[in-house]
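S.K.: Input sequences plus hints: build the corresponding full structure.
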Amino acid sequence: MIRFDTAPSNYLKDDYTFVIKTLSNALIHLYLNGDANSILYADLLALIANNELIPNSSYRITDYTTTTAQADTTSAGHDFDVIVTALSTNELSEDAKCVRKVGDTYFENAKLEAWEIKYCIHNDTSRFAWADTVNGKGVIYYMKDEWNNECPYDFKNIQFKKSNVFLYTFGGTADNSLTGGCHHNTMMDYVSSSVLRLNFNTFGRGCYSNTFGNNCYSNTFGDYCGGNTFGNSCYSNTFGDNCRFNTFGNGCNSNTFGYGFNYNTFGNNCCFNTFGNYCNSNTFGDYCNSNTFGNDCYSNTFGVGCSSNTFDCDYYYNTFGNECKKNTFGSSCHNNTFGDECKNNTFGNNYYDNTFGNNCQYNNFYHGSSGTTKKDYIRYIVLEDGCINNNFYSEVTTDIDNYLQRIRIKGLENNTPTNIQITLSEVDTNYEWVICYTSGGTLKQYCPDNNDSYKLENIEVSTWNDSNTYTDFGYQAQIDIDNLSESDFVNVVFGVNEAVSGNYAPAIEIYSGYILVFSKVNTAITIPTIEITKIDL
Numbered sequence: 001m002i003r004f005d006t007a008p009s010n011y012l013k014d015d016y017t018f019v020i021k022t023l024s025n026a027l028i029h030l031y032l033n034g035d036a037n038s039i040l041y042a043d044l045l046a047l048i049a050n051n052e053l054i055p056n057s058s059y060r061i062t063d064y065t066t067t068t069a070q071a072d073t074t075s076a077g078h079d080f081d082v083i084v085t086a087l088s089t090n091e092l093s094e095d096a097k098c099v100r101k102v103g104d105t106y107f108e109n110a111k112l113e114a115w116e117i118k119y120c121i122h123n124d125t126s127r128f129a130w131a132d133t134v135n136g137k138g139v140i141y142y143m144k145d146e147w148n149n150e151c152p153y154d155f156k157n158i159q160f161k162k163s164n165v166f167l168y169t170f171g172g173t174a175d176n177s178l179t180g181g182c183h184h185n186t187m188m189d190y191v192s193s194s195v196l197r198l199n200f201n202t203f204g205r206g207c208y209s210n211t212f213g214n215n216c217y218s219n220t221f222g223d224y225c226g227g228n229t230f231g232n233s234c235y236s237n238t239f240g241d242n243c244r245f246n247t248f249g250n251g252c253n254s255n256t257f258g259y260g261f262n263y264n265t266f267g268n269n270c271c272f273n274t275f276g277n278y279c280n281s282n283t284f285g286d287y288c289n290s291n292t293f294g295n296d297c298y299s300n301t302f303g304v305g306c307s308s309n310t311f312d313c314d315y316y317y318n319t320f321g322n323e324c325k326k327n328t329f330g331s332s333c334h335n336n337t338f339g340d341e342c343k344n345n346t347f348g349n350n351y352y353d354n355t356f357g358n359n360c361q362y363n364n365f366y367h368g369s370s371g372t373t374k375k376d377y378i379r380y381i382v383l384e385d386g387c388i389n390n391n392f393y394s395e396v397t398t399d400i401d402n403y404l405q406r407i408r409i410k411g412l413e414n415n416t417p418t419n420i421q422i423t424l425s426e427v428d429t430n431y432e433w434v435i436c437y438t439s440g441g442t443l444k445q446y447c448p449d450n451n452d453s454y455k456l457e458n459i460e461v462s463t464w465n466d467s468n469t470y471t472d473f474g475y476q477a478q479i480d481i482d483n484l485s486e487s488d489f490v491n492v493v494f495g496v497n498e499a500v501s502g503n504y505a506p507a508i509e510i511y512s513g514y515i516l517v518f519s520k521v522n523t524a525i526t527i528p529t530i531e532i533t534k535i536d537l
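Those letters in the sequence shown? Residues 1 to 537, by our numbering.
Honestly, the hints are just simulated from the structure, not real lab data.
Among the hints, a few may not be true.
Restricting the straight-line Cα-Cα distance to at most 25 Å, the calculated cross-link-like pairs of lysine to aspartate or glutamate (DMTMM-like) are [as the list claims (entries may be wrong)]: (1) LYS520 / ASP480; (2) LYS101 / GLU113; (3) LYS118 / GLU94; (4) LYS520 / ASP472; (5) LYS101 / ASP79; (6) LYS144 / ASP79; (7) LYS520 / GLU460; (8) LYS144 / ASP72; (9) LYS144 / GLU94; (10) LYS520 / ASP314; (11) LYS111 / GLU150; (12) LYS101 / GLU116; (13) LYS534 / GLU457; (14) LYS118 / ASP72.
These numbers come from a predicted model, not from an experiment.
M.R.: Right, here's the structure in full:
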């Protein structure tokens, strides 16, 4: 049954429009737009005060306007009418409707009849921090538009002041939610001291499918951020454009993310992080905080409690153990695996494919006696458990074909931490210092120039066999070398493309008459140089 009540002669009647709408409580509500009694806000308050509401009747507040008294917020003043329904002679339902004002052009392309709102006719500051007790005409404290954006306030009008500019929730200085540019975003309540407050979250253009937990506030997002899920109490974050498909744990706050930061998962209480552009596919454990990442850092996995790290550009595919902290990595360091509690390390540029055991700390990889300039192209380092305070120096002039590689230091801590220093003091020479054990177990340092050295060049490797010697390197190839003994020193120098690909293991195995090299791929390659030094121990 549709009820048509006779309106007082001083109430205006508009064009009749049937509206059928499913409310948030799943009830289907049918009302006649033209059947709502048009009334001024003050007159409706008088009816409530005098117990003169007609139960089940609808009232269209024709002078409603959104106002706010909360600091650094304002209303854009895009007015629409609010339709409320009487529950009794002195009470209104807070499930309300919106309709365009007669003559309105701002909302001419919006479907206000599809919006869901919750409206309190009283300017109740004990419930709403932005309630205006002077000029307010009630408070909209929930709104969901036809594009499935939903916020605990009138996001079509409420604006937030940031950098002295008032911004809409979606789109910046223009409301991008009007035409669906921003869609399917959900924000939960921000409540402080039992009072609902405006949350100061803002998005750029084209943001979609973001979900916020309770009490997330003061976040700023760039354009086209989508598919993010934020836990409760995330606040004071700044995200660049194109951040999407991120999942943040509870309490992530005061972070700054560069453009294109996506597909990341943060643990609880990650805070004070600064990420460069295009950092993506990272997974951070709990309590990771105060980190600074350079551009293009991605696919990293950090354990619990990693903090105060600084990563330069292009640092990626790394895995850090728990409590790795206060590390400084140069540009292009990647494919590293650090054990638990590795901390206070300094790595030079292009340092990659290294493996550190647990508790390796205070290592510095750089060149120059002062350590002020990082060393390029030190790579394939393996530090076993307990090795600390190691320093790798080099004053060799480096280029794309001149670098240290495949240095292995194992178990040198003993009862007292040992400082290990490998020094290449000669510039632009062929000298190379080698540290190894004799067959009697004595650790010796020697210069290969004191022994018989020679090179094999352009060795073709086309036959690879299955191997399970090293994890992730499923193939091995045998390279025969005449008169080779297991005590000889062999250095395999891959071509540049192979060396930087990460497809070839940082270790070889030396046998009598041959060596084994290990690969992730079964692909024919040419090795430019194999250096052999006959060791007379």
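S.K.: Hints first: check each against the structure and report whether it holds.
M.R.: Status of the hints after comparison with the structure:
no., hint, verdict
1, LYS520 / ASP480, "holds, 21 Å"
2, LYS101 / GLU113, "holds, 12 Å"
3, LYS118 / GLU94, "holds, 5 Å"
4, LYS520 / ASP472, "holds, 6 Å"
5, LYS101 / ASP79, "holds, 7 Å"
6, LYS144 / ASP79, "holds, 16 Å"
7, LYS520 / GLU460, "holds, 17 Å"
8, LYS144 / ASP72, "holds, 23 Å"
9, LYS144 / GLU94, "holds, 14 Å"
10, LYS520 / ASP314, "holds, 22 Å"
11, LYS111 / GLU150, "holds, 15 Å"
12, LYS101 / GLU116, "holds, 17 Å"
13, LYS534 / GLU457, "holds, 17 Å"
14, LYS118 / ASP72, "holds, 23 Å"
In the structure shown, no violation is registered for any of the earlier numbered hints.
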